[in-house]
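These are the residues of each chain, in order.
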Amino acid sequence: MSPQLLKDMPVVELVDQFTEITLRQYDAALFGNITKYNSLVDQMLAVADELKSRPGDQRSALVPLLVHPNRQVRLMAAEFTLTLAPVASRQTLQELSDAKVYPQSAYAMGTLRALERGDRKPS
Amino acid sequence: MARRGDALRIRDAPAPARAEVRLQPRPAARPRGNPDGGQWTETDANGNPVAQRRVRLAGDVPTNDPPEVPKERPKTSSERVGWLKATARTAAEQGIAAVEVAKLYPWMAYYAAGMQSYSDPPRSLDELRSATPGPGYDIHHIVEQGQAEDEGYPREAIDSPDNLVVIPRMKHWEINQWYQTRSPEFGWQTPRDYLEGRNWAVKRSVGLEALKIVGVLKP
Numbered sequence: 001m002s003p004q005l006l007k008d009m010p011v012v013e014l015v016d017q018f019t020e021i022t023l024r025q026y027d028a029a030l031f032g033n034i035t036k037y038n039s040l041v042d043q044m045l046a047v048a049d050e051l052k053s054r055p056g057d058q059r060s061a062l063v064p065l066l067v068h069p070n071r072q073v074r075l076m077a078a079e080f081t082l083t084l085a086p087v088a089s090r091q092t093l094q095e096l097s098d099a100k101v102y103p104q105s106a107y108a109m110g111t112l113r114a115l116e117r118g119d120r121k122p123s
Numbered sequence: 001m002a003r004r005g006d007a008l009r010i011r012d013a014p015a016p017a018r019a020e021v022r023l024q025p026r027p028a029a030r031p032r033g034n035p036d037g038g039q040w041t042e043t044d045a046n047g048n049p050v051a052q053r054r055v056r057l058a059g060d061v062p063t064n065d066p067p068e069v070p071k072e073r074p075k076t077s078s079e080r081v082g083w084l085k086a087t088a089r090t091a092a093e094q095g096i097a098a099v100e101v102a103k104l105y106p107w108m109a110y111y112a113a114g115m116q117s118y119s120d121p122p123r124s125l126d127e128l129r130s131a132t133p134g135p136g137y138d139i140h141h142i143v144e145q146g147q148a149e150d151e152g153y154p155r156e157a158i159d160s161p162d163n164l165v166v167i168p169r170m171k172h173w174e175i176n177q178w179y180q181t182r183s184p185e186f187g188w189q190t191p192r193d194y195l196e197g198r199n200w201a202v203k204r205s206v207g208l209e210a211l212k213i214v215g216v217l218k219p
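Chains R and W are the protein sequences, given in the same order.
Just so we're aligned: the first sequence equals residues 1 to 123 in this note's numbering.
Just so we're aligned: the second sequence equals residues 1 to 219 in this note's numbering.
What the hints contain is simulated information worked out from the structure, not anything from laboratory work.
Heads up, the beta-carbon is just placed ideally off N, CA and C, and yes, glycines get one too.
Please note that a few of the clues may not be correct.
[Stated by the list, open to error] Within a straight-line C-alpha distance of at most 16 Å, the following computed EDC-like cross-link-like pairs (lysine to aspartate or glutamate) qualify:
{"hint": "1", "chain 1": "W", "residue 1": "K218", "chain 2": "W", "residue 2": "E72"}
{"hint": "2", "chain 1": "W", "residue 1": "K218", "chain 2": "W", "residue 2": "E79"}
{"hint": "3", "chain 1": "W", "residue 1": "K218", "chain 2": "R", "residue 2": "D98"}
{"hint": "4", "chain 1": "W", "residue 1": "K212", "chain 2": "W", "residue 2": "E127"}
{"hint": "5", "chain 1": "W", "residue 1": "K212", "chain 2": "R", "residue 2": "D49"}
{"hint": "6", "chain 1": "W", "residue 1": "K71", "chain 2": "W", "residue 2": "E100"}
{"hint": "7", "chain 1": "R", "residue 1": "K52", "chain 2": "R", "residue 2": "D8"}
{"hint": "8", "chain 1": "R", "residue 1": "K36", "chain 2": "W", "residue 2": "E79"}
{"hint": "9", "chain 1": "R", "residue 1": "K36", "chain 2": "R", "residue 2": "D98"}
{"hint": "10", "chain 1": "W", "residue 1": "K218", "chain 2": "W", "residue 2": "D126"}
{"hint": "11", "chain 1": "R", "residue 1": "K100", "chain 2": "W", "residue 2": "D120"}
{"hint": "12", "chain 1": "W", "residue 1": "K103", "chain 2": "W", "residue 2": "E72"}
{"hint": "13", "chain 1": "R", "residue 1": "K36", "chain 2": "R", "residue 2": "E20"}
{"hint": "14", "chain 1": "W", "residue 1": "K212", "chain 2": "W", "residue 2": "D126"}
{"hint": "15", "chain 1": "W", "residue 1": "K212", "chain 2": "R", "residue 2": "D98"}
[Said to hold, decoys possible] To spell it out: a stretch of chain W is covered by chain R in this simulated footprint if at least three of its residues, at any positions, have a beta carbon under 8 Å from a beta carbon of chain R; those stretches are:
{"hint": "16", "segment": "176-182"}
{"hint": "17", "segment": "192-202"}
Model the full structure from these sequences, guided by the hints.
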């Protein structure tokens with residue numbers, strides 16, 4: 001998706017895009033399609049960057065995804081809302097970590113541990 | 001390729017697992033405080049609810065039916081690994097021995113030992129280092145051997161007892177996958193790319209972290 005298309009999208013559609021991309025990440029991770037997963041990261045970052053660039057940092061529109069039924073969507077929503085909804089996003093990460101379902105549990109635990117060590121500075 | 005959500009069905013499993021089992025029967029999979037778990041709320045830029053949608057369980061068609069473990073051996077390695085891990089996890093949650101699962105799905109028999117070891121609890125580093133490798137277990141290099149060798153580290157260091165642990169085979173697969181997957185913890189690089197050219201201590205620190213986050217090494 002081109003940067004211009006993203007710029008023309010209303011926030012609600014960007015959130016839809018984010019959800020679709022992270023659902024595809026879930027499928028890619030489930031069956032070990034690492035190349036696909038990694039390419040989807042670029043698409044997700046583009047959407048997140050576009051949301052962040054909107055007035056008031058519209059990544060806040062990702063907060064409702066912290067309770068999405070799919071754990072990959074919840075994971076990535078938490079990653080991008082650490083500064084905007086620190087309590088809720090950390091709670092989501094903790095729940096994902098406690099569930100011990102790879103890979104989401106591993107990434108959630110990795111982020112929580114990095115935050116505790118101070119290695120990770122959410123922005 | 002089948003697409004799956006959070007659920008999995010083991011058909012005709014022996015009692016007490018004859019009933020449908022789910023991979024992740026966690027209440028948090030539903031919107032908190034919402035009695036209708038089939039919907040979630042979306043908000044606009046101001047945080048106001050704008051729509052109610054049907055739940056999507058990562059399938060092309062929204063469904064609440066858990067997918068069924070395939071009777072036939074999946075054609076690709078990645079599909080087999082995906083089903084093996086999901087089935088091992090479900091079996092462990094339901095207290096079903098891997099050998100019983102393998103009776104239901106003969107293509108899994110070859111992997112039964114690996115499925116059983118997948119549910120091992122985390123162990124201490126000393127326990128992992130002193131364990132004897134057997135069926136369902138692999139010897140794992142804490143500092144990845146391929147990259148270390150490429151960067152000129154001697155085999156004596158790479159294969160030293162201090163760098164070797166015995167871990168469940170399917171956890172080993174997960175660690176290999178983790179090393180190749182882009183992650184926020186590493187600035188959206190893969191751990192392997194992040195570690196390129198870094199010293200042994202950093203590589204080892206990340207290697208130990210990998211063991212912890214996949215649940216092999218006690219935190």
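We went through each hint and held it up to the structure:
1. Distance restraint check for W/K218 and W/E72: the Cα-Cα separation of roughly 36 Å exceeds the 16 Å cut-off, and the hinted pair is therefore not satisfied.
2. Between the alpha carbons of W/K218 and W/E79 the distance comes to roughly 29 Å, so the proposed pair goes past 16 Å and is violated.
3. The straight-line distance between the Cα atoms of W/K218 and R/D98 is roughly 14 Å, inside the 16 Å bound, and the hint therefore holds.
4. With a CA separation close to 14 Å, the supplied pair W/K212 and W/E127 stays within the 16 Å bound.
5. Taking the CA atoms of W/K212 and R/D49, the gap is about 31 Å. The hint is violated against a cut of 16 Å.
6. At most 16 Å may separate the alpha-carbon atoms for a hinted pair to count; W/K71 and W/E100 meet this at roughly 14 Å.
7. A threshold of 16 Å between alpha carbons decides the hint, and for R/K52 with R/D8 the separation of about 14 Å falls inside it, so the pair holds.
8. A distance of roughly 14 Å separates the Cα atoms of R/K36 and W/E79; the hinted pair therefore holds under the 16 Å criterion.
9. At roughly 27 Å between alpha-carbon atoms, R/K36 and R/D98 are farther apart than 16 Å, so this suggested pair is violated.
10. Using a Cα cut-off of 16 Å, the hinted pair W/K218 and W/D126 holds, with the two alpha carbons roughly 11 Å apart.
11. The suggested pairing of R/K100 with W/D120 holds, with an alpha-carbon distance near 12 Å, which does not exceed 16 Å.
12. Straight-line distance between C-alpha atoms of W/K103 and W/E72 comes to about 13 Å, which keeps the hinted pair within the 16 Å bound.
13. As the CA atoms of R/K36 and R/E20 are separated by approximately 14 Å, the hinted pair is consistent with the 16 Å bound.
14. Between the alpha carbons of W/K212 and W/D126 the distance comes to roughly 14 Å, so the proposed pair stays at or under 16 Å and holds.
15. Proposed proximity of W/K212 and R/D98 is supported: the alpha carbons are some 13 Å apart, at most 16 Å.
16. Coverage of a stretch by a chain is defined here by at least three residues with a beta carbon nearer than 8 Å to that chain's beta carbons; for the segment 176-182 of chain W and chain R the count is 5, and the condition holds.
17. For the segment 192-202 of chain W, the assignment as covered by chain R is violated, since 0 residues bring a beta-carbon within under 8 Å of that chain's beta-carbons and 3 are needed.
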